[in-house]
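Assemble the whole structure, with the sequences as input and the hints as a guide.
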Amino acid sequence: MQKQIRKKIISCCLVLFLVPALAGCSLLKPAEKSAADSGEQSKTDSKTTGSQDSQDAENGKKDRPNQDIVRENESDSDQDKSNQEAADSLPPEMLSSEQAKAKLIEDYAAYQKELADNGVVDNWMPISVISAENLYEVKEEELRKMRLCDELIGIGFYQVRERYPGKYQWYLMFKTEKDRAKYESVTPDNKEYMRLTCFYVNLNTGKTFIDDSLIGAFALSDMENAAYIPSVFDGLVDRMFLLWVLEKNGIIDRVSDYADAWSMAEQMGWEDNDVAEGITKLGGEWDESVDYTYQEDDIYRFPVYHRETYERVGIYDLNVRYRTVTDYYTGKELYRDPLANYQPKNLTKKSAVKELFQILKKLYIVSQDEIKGWRSEVKEFESDDVWMPEGYEITLWPPQSQASVIYRINRKGTKVSYYDPERDEYERIYGTAMWYKESAD
Numbered sequence: 001m002q003k004q005i006r007k008k009i010i011s012c013c014l015v016l017f018l019v020p021a022l023a024g025c026s027l028l029k030p031a032e033k034s035a036a037d038s039g040e041q042s043k044t045d046s047k048t049t050g051s052q053d054s055q056d057a058e059n060g061k062k063d064r065p066n067q068d069i070v071r072e073n074e075s076d077s078d079q080d081k082s083n084q085e086a087a088d089s090l091p092p093e094m095l096s097s098e099q100a101k102a103k104l105i106e107d108y109a110a111y112q113k114e115l116a117d118n119g120v121v122d123n124w125m126p127i128s129v130i131s132a133e134n135l136y137e138v139k140e141e142e143l144r145k146m147r148l149c150d151e152l153i154g155i156g157f158y159q160v161r162e163r164y165p166g167k168y169q170w171y172l173m174f175k176t177e178k179d180r181a182k183y184e185s186v187t188p189d190n191k192e193y194m195r196l197t198c199f200y201v202n203l204n205t206g207k208t209f210i211d212d213s214l215i216g217a218f219a220l221s222d223m224e225n226a227a228y229i230p231s232v233f234d235g236l237v238d239r240m241f242l243l244w245v246l247e248k249n250g251i252i253d254r255v256s257d258y259a260d261a262w263s264m265a266e267q268m269g270w271e272d273n274d275v276a277e278g279i280t281k282l283g284g285e286w287d288e289s290v291d292y293t294y295q296e297d298d299i300y301r302f303p304v305y306h307r308e309t310y311e312r313v314g315i316y317d318l319n320v321r322y323r324t325v326t327d328y329y330t331g332k333e334l335y336r337d338p339l340a341n342y343q344p345k346n347l348t349k350k351s352a353v354k355e356l357f358q359i360l361k362k363l364y365i366v367s368q369d370e371i372k373g374w375r376s377e378v379k380e381f382e383s384d385d386v387w388m389p390e391g392y393e394i395t396l397w398p399p400q401s402q403a404s405v406i407y408r409i410n411r412k413g414t415k416v417s418y419y420d421p422e423r424d425e426y427e428r429i430y431g432t433a434m435w436y437k438e439s440a441d
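Each residue of the sequence shown is one higher than the one before, counting from 1 in this note's numbering.
These are computed hints drawn from the structure, not numbers from a lab. Since we're looking at a predicted model, the values are computed, not measured. Note that the Cβ used here is the ideal one computed from N, Cα and C, for glycine as well. Some hints here could point you the wrong way.
[What the hints assert, rightly or not] Have a look at the derived ranges for each label pair, beta carbon to beta carbon:
no., residue 1, residue 2, range
1, Lys182, Glu382, 22 to 32 Å
2, Tyr136, Glu296, 17 to 27 Å
3, Asp253, Ala181, 35 to 45 Å
4, Arg307, Thr348, 47 to 57 Å
5, Ser185, Glu382, 23 to 33 Å
6, Ile251, Lys182, 19 to 29 Å
7, Lys182, Val386, 22 to 32 Å
8, Arg423, Lys248, 30 to 40 Å
9, Gln400, Thr348, 24 to 34 Å
[Claimed, not checked] SDA-like mimics (lysine to any residue), calculated; alpha carbons at most 20 Å apart, straight line:
no., residue 1, residue 2
10, Lys345, Arg375
11, Lys349, Asp327
12, Lys350, Arg375
Right, here's the structure in full:
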């Protein structure tokens, strides 16, 4: 049974594993290089801000200046309102680099104490008990160039920032000075193959995160799965996500005390057809009437048990596409990840520019003052990228600059990628929880 579920997870999930490096980046750093993709079809529509205001007003046929586009009708939809409120609700940048490091050390020490008090030692936990004092501050440009934590497949920081917008500081952690020396001695090309523990600190809110570069990024305060890829490592992160949701809902008291039946079977060395018998012999209840191989619309079914008493907590359906968790018996939805459920729009060339600026403001990539006087060029594109097969490619020029920065946004306004000229590829900075092929609707 477990093998069947594994096969279905692997075959049904269209998770994209070749994505950009895990790093916060200066996404508005001008880039001279063009992002024209070979074989792509495009139609170009240019518009310029500033001096064209009066001309546009006269003929009424040309697009409005960018600063007007991003200001007008800011409440077109509930999503627009929520995006703006999310950005406006953040306090101004409040932590210095020293304060951020101190906050991280404090939070990490508190987590270590919680582990010790509860006697928890689990090999699947994403944090190793090592000193947070030995932190190495990393600049945005370093992370981009070195492609650190690439084993996470590049989603960690971008999804964390999308979930908790703000300005961030990044740190690496080394177990020993020897490890630090090794890191500093190798070339940037070799550093992408080093597995390192990464930390992020939101300078606006003080919230801290750890990224183990393998299974996801977690909030230190409550081990929230702030960033993860569905079905990586045969569903391990899906199971961790499910347990976190149960703890969040007060159904279980501590994630580390519980497991799904398939994880328990792996630990016990049971064969697939022995899982029900094994659970029953240990005192756990197995519901023979339930179809545990059920899979429809990316939904997977997990019976959850206490690790020591083998008491069954319940049976839960996890939809990995929309990141929802539902109680099998009651049908009650326990959690729905907002990042995987953005309300789709129907963007035009004009509204695409406005929507892009709204998203860049939400992510703290630009501020309201920074968007004045920008020029833009919009063209439609099609590509073989399953994540974003079509949409609008928007080239932006800062005021009084010939250099440009390039973004892509899908027609639904739910995904944005940024063109990295050094790596000649697009990095996904918004819609990072929407890993599946876009539906036609």
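Any hints this thing doesn't respect? Which numbers, in order?
As far as the earlier hints go, 1, 2, 5, 6, 7, 10, 11 are violated by this structure, in ascending order.
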